[in-house]
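Engineer: Chain residues, written in single-letter form:
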Amino acid sequence: KAGVTQTPRYLIKTRGQQVTLSCSPISGHRSVSWYQQTPGQGLQFLFEYFSETQRNKGNFPGRFSGRQFSNSRSEMNVSTLELGDSALYLCASSLDLGISGNTIYFGEGSWLTVV
Amino acid sequence: AQSVSQHNHHVILSEAASLELGCNYSYGGTVNLFWYVQYPGQHLQLLLKYFSGDPLVKGIKGFEAEFIKSKFSFNLRKPSVQWSDTAEYFCAVRMVFGPGTRLSVLP
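Respectively, the protein sequence lines represent chains P and L.
Numbered per the working numbering, the first sequence spans residues 93 to 207.
Numbered per the working numbering, the second sequence spans residues 1499 to 1605.
With the rest of the complex left out, here is chain L (with noise of 0.2 Å):
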C-alpha cells in the first residue's frame, strides 16, 4: 500500500534559519512527488513537483527539495524562512498525502 510520511509534526523556527522538512513515500510504482503548502485560512496550494529529471527541483518563494530515489525522500528545503512561511507543509505522492507538518515561524 502506498504511504506517506513526514517526519516531523510541528517544527518552531526563527526567521531566517534555514528549513528542512522531511518526507519518505512507500510506493512501487513510479513516483510524482508533491508538496503542498496550505496558508492560515487559504486553500491547499502547490508549492512543487517532481515528475523526473533533476532531482533538484525548485518551486515558487524560495522552496526546493530534493528527490533521492535510494532513500525514498522528497525532502523540503529553504534557506532562510521568513514570518509568512508559517504555514502547514504536505507531502504527496500522486494522490496520497502525508499527515503534514506544522511550521510555525517566529518574527
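Pulled out of the complex, with its shape left as it was, chain P reads as follows (with noise of 0.2 Å):
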C-alpha cells in the first residue's frame, strides 16, 4: 500500500512568492493534515481536511490555506512567502478525522526555502 505523497519534495522561492504543496493521502484515507516543522517550533498544526472541509485550524496566519479533492488529494497554498516560512511542511493522512484522534500518517515531506 503506497504511503502519504507529497510533491515537490524540495523548492526554493522568493519573498512575496506564493507556493502550491501537493499531498495525495493513503489509498482509503479521507483525512489530510498539514504541520509545519522547523527547528525551533518543532511541530506545528497548520490545519485538517475531511471530506472537502476544513475541521480544525492551527494559529497561522491567513496566508495559510489549503483544499481537498473529492478523491481526498489536498493542496496548501501560501501566499506573500517570508524568509520566516521556510521549513518543511508535513502531510499526514488518516481513515478519520486525526482530530479525533485516529492514527495519523506522514509523508516524507516538502522543503521548502524562502530567499
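Don't take each hint at face value.
What the hints assert, rightly or not - List time: in silico DMTMM-like cross-link candidates among lysine to aspartate or glutamate, alpha-carbon distance up to 25 Å:
1) L:K1547 <-> P:D188
2) P:K105 <-> P:E174
3) L:K1559 <-> P:D177
4) P:K149 <-> P:D188
5) L:K1556 <-> P:D188
6) P:K149 <-> P:E167
7) L:K1547 <-> P:E200
What the hints contain is simulated information worked out from the structure, not anything from laboratory work.
Using the hints, put the two standalone chains together into the complex.
Structural biologist: Written out as C-alpha cells, the structure reads:
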C-alpha cells in the first residue's frame, strides 16, 4: 500500500511569491492534515481537511490556506512568502478525523526554502 | 489549550543502556497518545499509541510506553538501546506534538 505522497520534495522561492504544495493520502484515508516543522518551533499543526471541508485549524496567519478534493488529495498554499516560512511541510493522512484521535501517517515532506 | 512537553531536548546514551523519555501533556478530553520517531533522513513513523485499556503499551523495535493518568504522563522506555535507535522522538496527544527529544546512541 502506497504511503502518503508529497510533491514537490524540494523547492526554493523568493520572498513575496506564493507556493502550492500537494499531498496524496494513503488510499482509503479521508482525512488530510498539514504540519510545519522547523528546528525552533518543532511540529506545528496547520489545518485538517475531511470530506473537502476544513475541520480544524492551527494558529497560522491567513496566508496559509488549503483545500481538499473529492478524491481526498489535498493542496496547501502559502501566499506572500516570508523568510520565516522556510520549513519542512508535512502532510499526514488518517482514515477518519485525526483530531478525534485517529492514527495519522506522515509523508516525507516538502522542503521549502524562501530566499 | 492542549500542550505537550518533553523533558529532554537531547539525550546521549551508550549502546545497551536503558532509555526513558519523558512526556507530559495538558488536555481536558479523552486522550489518544502517540509516540512517533524520525530517523535521520526519514519521515515520521508511528512507534506506538495508547487509546484505552492496558496503560502499558508495546510498540515496534522493543519500545514501550506507560500511560499514567494521575501524572498526565506517557513516558517512552526501552530496556537496551542500539545505535540504530539514534533518532528524534516525538510525543503527541491527538494532533498536538511535543518539541521532540533527540536521542544519540554511541556505539
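Engineer: Each of the hints needs a verdict: does it hold here or not?
Structural biologist: Taking the hints in turn, this is what the structure says about them:
1. L:K1547 <-> P:D188: holds, 16 Å
2. P:K105 <-> P:E174: holds, 10 Å
3. L:K1559 <-> P:D177: violated, 35 Å
4. P:K149 <-> P:D188: It holds: about 16 Å lies between the C-alpha atoms, which stays within 25 Å.
5. L:K1556 <-> P:D188: holds, 23 Å
6. P:K149 <-> P:E167: holds, 15 Å
7. L:K1547 <-> P:E200: holds, 20 Å
In the structure shown, a violation is registered for the earlier hint numbered 3 alone.
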